[in-house]
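Residue numbers (the working numbering), protein chains in the order written: chain Z, 1 to 255; chain V, 1 to 80.
A portion of the hints provided could be inaccurate.
Stated by the list, open to error - So, partial list: chain Z residues that the calculated Cβ filter (under 8 angstroms) puts toward chain V:
| no. | residue |
| --- | --- |
| 1 | HIS38 |
| 2 | LEU91 |
| 3 | LEU101 |
| 4 | VAL215 |
Said to hold, decoys possible - In silico DMTMM-like cross-links for lysine to aspartate or glutamate, where the CA-CA straight-line distance does not exceed 25 angstroms:
| no. | chain 1 | residue 1 | chain 2 | residue 2 |
| --- | --- | --- | --- | --- |
| 5 | Z | LYS114 | Z | GLU190 |
| 6 | Z | LYS194 | Z | GLU109 |
| 7 | Z | LYS194 | V | GLU29 |
| 8 | Z | LYS194 | V | ASP21 |
| 9 | Z | LYS137 | Z | GLU109 |
| 10 | Z | LYS102 | Z | GLU47 |
| 11 | Z | LYS194 | V | ASP26 |
| 12 | Z | LYS216 | V | ASP21 |
| 13 | Z | LYS102 | V | GLU29 |
| 14 | Z | LYS214 | V | ASP26 |
| 15 | Z | LYS194 | Z | GLU47 |
| 16 | Z | LYS194 | Z | GLU145 |
| 17 | Z | LYS137 | Z | GLU190 |
| 18 | Z | LYS102 | Z | GLU117 |
| 19 | Z | LYS102 | Z | GLU113 |
| 20 | Z | LYS214 | V | ASP21 |
| 21 | Z | LYS214 | Z | GLU190 |
| 22 | Z | LYS137 | Z | GLU28 |
| 23 | Z | LYS114 | Z | GLU28 |
| 24 | Z | LYS102 | Z | GLU28 |
| 25 | Z | LYS114 | V | GLU29 |
| 26 | Z | LYS194 | Z | ASP221 |
| 27 | Z | LYS102 | Z | GLU190 |
| 28 | Z | LYS216 | V | ASP26 |
| 29 | Z | LYS194 | Z | GLU113 |
| 30 | Z | LYS114 | Z | GLU145 |
| 31 | Z | LYS137 | Z | ASP221 |
| 32 | Z | LYS102 | V | ASP26 |
| 33 | Z | LYS137 | Z | GLU113 |
| 34 | Z | LYS114 | Z | GLU47 |
Treat the hints as calculated values from the structure; they're not laboratory data. C-beta atoms are modelled at their ideal positions from N, C-alpha and C, and glycine is treated no differently.
Residues per chain are reported as follows:
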Amino acid sequence: MVLATAVSSGVVVLVGAVFLACAVEMVEALTIVLAVGHTRGWRSAFEGTGAALVVLAALVAAFGPALVHVPISALRLVVGGVLLIFGMQWLRKAILRSSGLKAKHDEDEIYREKVAELEALGSSVNRDRVAFVMAFKGVFLEGLEVVITVLTLGTSAHRLGLAATVAAVAVLLVGVVGVVVAKQLSNVPENAMKMAVGILLVSYGTFWTGEGLKVKWPGNDVMLVMFVVIYVVVVGLLVAMLRRSAPQRSSEVVA
Amino acid sequence: MSKQQSLPVRLLRGFAMFWWDFLVGDTPELFIAVLVIIGVVALLSVVGHFNAAAVIVLPLLAVSALAISVRRAQRSSQRK
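Based on the sequences and whatever the hints tell you, model everything.
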C-alpha cells in the first residue's frame with residue numbers, strides 16, 4: 001500500500017512536470033511557426049518544422065539509449081543539478097512576472113513582432129530560406145528543451161516510455177488546439193503553467209541531487225510530493241513579499 | 001581570426017553557446033548556487049549524521065538560492 005502510494009506520487013509528479021513543460025514549449029514553438037506560415041507561406045514553414053523534428057529525433061535516437069547506460073547515481077546527480085538550475089530559472093521568471101516586476105510573456109505580442117520582422121524582409125519566392133530558417137530555429141530550440149526534459153526526467157525515473165508518451169500527448173494537444181484557435185495562444189495561462197513546471201522541476205532536482213549524493217530521503221518518493229508542497233509555499237511567500245514591497249513598480253521590467 | 005569558420009567549429013560553438021545560455025544565461029548566481037549545494041552536501045558526507053543533515057540542508061540551500069536570486073532581480077529593477 002505504502003509502495004503503491006510512493007510509486008503513484010512519483011508518477012503523478014513526473015507526468016505533471018513533463019506534460020506542462022512540453023505544453024509550454026509547444027506554445028512557444030507554435031507561435032513562431034504560425035507567424036512564419038501566415039506571413040511567408042506554409043510550405044517553407046512546414047519544411048523548417050519538419051527538418052527540425054528530424055534533427056531532434058536523431059538527437060533522441062543518439063543520446064537516449066546512451067543515457068540508459070550511465071550509472072544511475074551519476075545520472076541522477078547531473079540531472080538533479082540541471083533540473084535545479086533550469087527549474088529555479090523558470091520559477092524566478094514566473095515569480096517576477098506574478099509580482100509585476102517582469103513583463104508577462106505575451107504570445108500575441110511575440111506573434112506581432114515576428115510578423116513585422118518577417119514582413120520587413122520582403123516577399124518570398126517558392127523556396128523561402130528566411131521562413132525555413134525561422135521555423136527550423138523556433139521548433140529546434142523549443143524542441144531541444146522538450147527533449148532534455150523528457151530524457152532527463154524519463155531516464156532518471158526509469159520511465160522514459162511514459163515521459164515520451166506524455167510529451168507526445170502534450171505536443172499534439174497544444175498543436176491541435178493551437179491550429180484551431182490560430183493566433184489566440186495568448187489565452188493560454190502561460191505564467192501559471194511555467195510556475196507549476198518550475199515547482200515540479202525544482203522538486204525533482206532537489207530529490208535527484210540528493211539521491212545522486214546518496215541521501216536517503218524519508219518516505220522515499222513521498223518526499224517528492226513534500227518538496228512540491230514546500231516549494232509551493234515558498235513561491236507563494238516570495239510573490240506576496242515582492243507584491244507588498246513594490247506595489248507601485250508593477251509596470252517595470254527586469255532582465 | 002578568420003571570419004569564415006568551418007562547419008564543425010560553428011556547430012561546436014553553437015552547442016557550447018546553447019548549454020551556456022541554458023545553464024548560466026542571465027542568472028549565473030543560480031548556476032553557482034547549485035554547484036555550492038552539491039559541494040556542501042558532498043562535504044557533509046565526510047562528517048557524522050550525514051543523512052539527517054543533508055535532508056535539511058539540501059532543500060534549505062535551494063530555497064535560499066531562489067530567494068537570493070529573486071531579491072537580486074528586485075534590487076536590479078529598483079536601481080533602474
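Here is how each hint holds up against the structure:
no. : hint                  : in the structure
1   : HIS38                 : violated (28 angstroms)
2   : LEU91                 : holds (6 angstroms)
3   : LEU101                : holds (5 angstroms)
4   : VAL215                : holds (4 angstroms)
5   : Z/LYS114 <-> Z/GLU190 : holds (19 angstroms)
6   : Z/LYS194 <-> Z/GLU109 : holds (18 angstroms)
7   : Z/LYS194 <-> V/GLU29  : holds (20 angstroms)
8   : Z/LYS194 <-> V/ASP21  : holds (18 angstroms)
9   : Z/LYS137 <-> Z/GLU109 : holds (19 angstroms)
10  : Z/LYS102 <-> Z/GLU47  : violated (35 angstroms)
11  : Z/LYS194 <-> V/ASP26  : holds (18 angstroms)
12  : Z/LYS216 <-> V/ASP21  : violated (33 angstroms)
13  : Z/LYS102 <-> V/GLU29  : holds (18 angstroms)
14  : Z/LYS214 <-> V/ASP26  : violated (31 angstroms)
15  : Z/LYS194 <-> Z/GLU47  : violated (29 angstroms)
16  : Z/LYS194 <-> Z/GLU145 : holds (13 angstroms)
17  : Z/LYS137 <-> Z/GLU190 : holds (21 angstroms)
18  : Z/LYS102 <-> Z/GLU117 : holds (24 angstroms)
19  : Z/LYS102 <-> Z/GLU113 : holds (19 angstroms)
20  : Z/LYS214 <-> V/ASP21  : violated (29 angstroms)
21  : Z/LYS214 <-> Z/GLU190 : violated (36 angstroms)
22  : Z/LYS137 <-> Z/GLU28  : holds (12 angstroms)
23  : Z/LYS114 <-> Z/GLU28  : holds (12 angstroms)
24  : Z/LYS102 <-> Z/GLU28  : holds (18 angstroms)
25  : Z/LYS114 <-> V/GLU29  : violated (31 angstroms)
26  : Z/LYS194 <-> Z/ASP221 : holds (23 angstroms)
27  : Z/LYS102 <-> Z/GLU190 : holds (14 angstroms)
28  : Z/LYS216 <-> V/ASP26  : violated (33 angstroms)
29  : Z/LYS194 <-> Z/GLU113 : holds (22 angstroms)
30  : Z/LYS114 <-> Z/GLU145 : holds (21 angstroms)
31  : Z/LYS137 <-> Z/ASP221 : violated (37 angstroms)
32  : Z/LYS102 <-> V/ASP26  : holds (14 angstroms)
33  : Z/LYS137 <-> Z/GLU113 : holds (16 angstroms)
34  : Z/LYS114 <-> Z/GLU47  : holds (18 angstroms)
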